[in-house]
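So the sequence lines, in the order shown, correspond to chains A and B. The first sequence runs 1 to 217 under the working numbering. The second sequence runs 1 to 303 under the working numbering.
These are calculated hints, taken from the structure and not from any lab test. Be aware that one or more of the hints could be misleading.
With a straight-line cut-off of 25 Å between C-alpha atoms, the simulated DMTMM-like cross-links for lysine to aspartate or glutamate are [said to hold, decoys possible]:
#: 1; chain 1: A; residue 1: Lys70; chain 2: B; residue 2: Glu301
#: 2; chain 1: A; residue 1: Lys70; chain 2: A; residue 2: Asp98
#: 3; chain 1: A; residue 1: Lys132; chain 2: B; residue 2: Glu205
#: 4; chain 1: B; residue 1: Lys202; chain 2: A; residue 2: Asp175
#: 5; chain 1: A; residue 1: Lys89; chain 2: B; residue 2: Glu301
#: 6; chain 1: A; residue 1: Lys80; chain 2: B; residue 2: Glu205
#: 7; chain 1: A; residue 1: Lys130; chain 2: B; residue 2: Glu205
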Amino acid sequence: MILFKNVSKRYPDGYVALNNIDLTVQTGEMVFLTGHSGAGKSTLLKLIAALERPTSGTISISGQNIAQLKPAAIPYLRRKIGFVFQDHKLLFDRNAFDNVLLPLQISNFDSKTVASRVRAALDKVGLLRKEKSMPIALSGGERQRLCIARAVVHRPSILIADEPTGNLDVEYAHDIMTMFTSFNQVGVTVLIATHDASLLEDKQHRILSLRQGKLAA
Amino acid sequence: MMRAWLTQHAFVFFHTLKRLIATPVTSLLSVIVMGIALSLPVGVYVLMENLESMSGQTTGTPQMSLFLQQDAQQNDFDRIKQRLQEEPHIVSFQFISKAVAFKQLQHSSGFSDVMAGLARNPLPDAFIVHLEHNPPEALERLRTVIQDWPEVAHVQFDSEWIERLNALLQLGRAIILMLATLLSIAIIAIMFNTIRLQILTKRDEIEISKLIGATDSFIHRPFLYFGAIQGLAGGVTAWLIVALFIRVLNEELVVLARLYEVDIHLQYLSLQDSMSLLLFSAWLGWLGARISVASHLWQIEPR
Chain A
1 MILFKNVSKR YPDGYVALNN IDLTVQTGEM VFLTGHSGAG KSTLLKLIAA
51 LERPTSGTIS ISGQNIAQLK PAAIPYLRRK IGFVFQDHKL LFDRNAFDNV
101 LLPLQISNFD SKTVASRVRA ALDKVGLLRK EKSMPIALSG GERQRLCIAR
151 AVVHRPSILI ADEPTGNLDV EYAHDIMTMF TSFNQVGVTV LIATHDASLL
201 EDKQHRILSL RQGKLAA
Chain B
1 MMRAWLTQHA FVFFHTLKRL IATPVTSLLS VIVMGIALSL PVGVYVLMEN
51 LESMSGQTTG TPQMSLFLQQ DAQQNDFDRI KQRLQEEPHI VSFQFISKAV
101 AFKQLQHSSG FSDVMAGLAR NPLPDAFIVH LEHNPPEALE RLRTVIQDWP
151 EVAHVQFDSE WIERLNALLQ LGRAIILMLA TLLSIAIIAI MFNTIRLQIL
201 TKRDEIEISK LIGATDSFIH RPFLYFGAIQ GLAGGVTAWL IVALFIRVLN
251 EELVVLARLY EVDIHLQYLS LQDSMSLLLF SAWLGWLGAR ISVASHLWQI
301 EPR
């Protein structure tokens, strides 16, 4: 469960990105976060991963207060979360397989099960046959799927996506949404920030809209 | 968990080796630079070690030789022994008869041809006296006392040259220490810069790794391995340079030794010293990397 209580975020230059946010996301829920660019979507996601610290208020994830986390504990928080970025953030010096391998290396997984896990993740996003390809040789949609495979390979309990369909055409975007839904169906809490109206037509899931740092009803 | 940890370290180790091999020229150049820098103090050290062992297995305590009159007899020897025992400042003494001295000289080379031509033994009987460490004036006083004994023809200090040599060796040690300190700092600086450049080129990887939950030690590890491995390679290079240097010098010394009929050759670094050199160079590389990592990595934070 993700819980925000009276959370505000003011940047050093005085810009208030989030203003007194109260928010609860239940475990296993799938939530969309929407709003204009600059409305505070990215800041909200960054607060969850302790990439930013709130100026005031408390954020708790599965009962753990993120706002007071010691720096040494942050890596372990981030391992519970899978990230999907608009710009993919892939490593171009290694192939698809090794990109997906990275989170497992980071969390010290046993080498025997590693390869099969990586292939399972690649299979889920339909890139199994491209495991040897370098990211530079992949299309935009394939790169996004590779990024998703990397986000889920260590089976995080929370999946966070920041504009996952930002640069993709409608068909690809639909594929990717289907993937997110299937992860959600196996119990992963999914949080997607987007301003893509076509994604929001799906009425099954809660939609939170941010306006100038505040949650609109 | 333990196995995963070992696998992780082995992976980083081989990955680092691969990275070193992937840029052979750069790696080789920095290894050679480090090797040359280390070989200077190590080379001087080896020379000093050799000088020290050549200067005899002397303990460095002052020593005095009493040469007796040519006609001295057994009862004269006994009288001197008794007087020496009564004298303070004397640690021990040793009687060397003219026959023994003659044999020693024959064996100790150089003079063997000359000695063979002699009709009779020209050497006197002698006492070698080991003294306590004393100010030179006290020793000088003792010398004049002994010189006055009727059976004694001549008293000679043997320790002067040893003391001079020791003073020189002391100076040499100080020079080694300074050289080693300066060049160690240079090596740390080289490694600091090498790692700094690597961190810059790996900025993306570091940022993404932090983003997906890498601990600081996970991120530091490859750089520290890199520093230690390159330092070790520098140490091996230094060892090879010094070994080559000794080999060349020994070849030259063979000629010199033949001319003087003495057996002189330089010893290579002992096993213990070699291990110390390798460990120290690896540590230097690691330290340079450690400092570099500490001063650069915190700047890279995911946004």
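Results of checking the hints against the structure:
1. A:Lys70 with B:Glu301: Roughly 15 Å separates the two Cα atoms, so the pair holds.
2. A:Lys70 with A:Asp98: Cα-Cα ~30 Å, so violated.
3. A:Lys132 with B:Glu205: Distance of about 19 Å is within 25 Å: holds.
4. B:Lys202 with A:Asp175: With Cα atoms ~32 Å apart, B:Lys202 and A:Asp175 exceed 25 Å; violated.
5. A:Lys89 with B:Glu301: The hint holds at about 14 Å.
6. A:Lys80 with B:Glu205: This hinted pair holds, its Cα atoms lying about 20 Å apart.
7. A:Lys130 with B:Glu205: 21 Å, holds
In this structure, the earlier hints numbered 2, 4 are contradicted, and the remaining ones agree with it.
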